[in-house]
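All the letters of the sequence shown, read from the start, carry residue numbers 29 to 236 under our numbering.
Note that these hints are calculated values from the structure, not bench results.
One or more hints might be untrue.
[Unchecked claim] DSS-like mimics (lysine-lysine), calculated; alpha carbons at most 25 Å apart, straight line: (1) Lys139 - Lys49; (2) Lys80 - Lys30; (3) Lys169 - Lys139; (4) Lys101 - Lys49; (5) Lys30 - Lys61; (6) Lys139 - Lys80; (7) Lys169 - Lys61.
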Amino acid sequence: MKIAVIGSGNMGSSFVKQLRKAGHTVTVTSRNKASAQTLAKDHGATVVDASKLSDAEIIILATGAPDAIPALKAAGNLSGKVVVDITNPLTADYMGLTIGHSTSNAEEIAKAIPGIHLVKGFNTVFAQVLGAGGTLPNGEKITVFVAADDAAAKTSVTNLAQSMGFAVSDAGPLKNARYLEPLAGLNIYFGYGAGRGTGIFPTWVEAA
Numbered sequence: 029m030k031i032a033v034i035g036s037g038n039m040g041s042s043f044v045k046q047l048r049k050a051g052h053t054v055t056v057t058s059r060n061k062a063s064a065q066t067l068a069k070d071h072g073a074t075v076v077d078a079s080k081l082s083d084a085e086i087i088i089l090a091t092g093a094p095d096a097i098p099a100l101k102a103a104g105n106l107s108g109k110v111v112v113d114i115t116n117p118l119t120a121d122y123m124g125l126t127i128g129h130s131t132s133n134a135e136e137i138a139k140a141i142p143g144i145h146l147v148k149g150f151n152t153v154f155a156q157v158l159g160a161g162g163t164l165p166n167g168e169k170i171t172v173f174v175a176a177d178d179a180a181a182k183t184s185v186t187n188l189a190q191s192m193g194f195a196v197s198d199a200g201p202l203k204n205a206r207y208l209e210p211l212a213g214l215n216i217y218f219g220y221g222a223g224r225g226t227g228i229f230p231t232w233v234e235a236a
């Protein structure tokens, strides 16, 4: 698949690495041109301007929450495109959320950029976990939760995540990002606030 990654930070870099490893054609755009060039060179991706994102089948929004809407607006008309929102609306100390209950960052992005097929996903996975791949050495698969209103877009992102070795859990409609973003916040608390490190991830296990 043709995948575009917006952002060359920790999450963006991990995405580029794993997407290329899975055999996808990857383009990357970033405000940090030097970082994007290095990332692309290291993993066989291509750096493009934001205006070229419409050529991709799936766009991964790997920016901070405040930068998400401006980054998509810079890309011009993305109507009909599948966009994966991995952002979490964190406070400055990473120990809380700036919005929630009645909306989510995902829903706000969807409202601000009408016409895109927004899928919430990968927001509960640390960059360190993502960068190591979707399957653990013991064979256990890391869970990616996906929420979306468009069934075809959700299927596309599910297939993409599975191609990278992840297990996928259908989290329902996009409004359920109101649950996924706090879940990510809890994971971040466990990782940093409780000192458990970034090699952790949330999942659901069925009782026998």
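Verification of the hints:
no.: 1; hint: Lys139 - Lys49; verdict: violated (33 Å)
no.: 2; hint: Lys80 - Lys30; verdict: holds (12 Å)
no.: 3; hint: Lys169 - Lys139; verdict: violated (33 Å)
no.: 4; hint: Lys101 - Lys49; verdict: violated (29 Å)
no.: 5; hint: Lys30 - Lys61; verdict: holds (21 Å)
no.: 6; hint: Lys139 - Lys80; verdict: holds (22 Å)
no.: 7; hint: Lys169 - Lys61; verdict: violated (33 Å)
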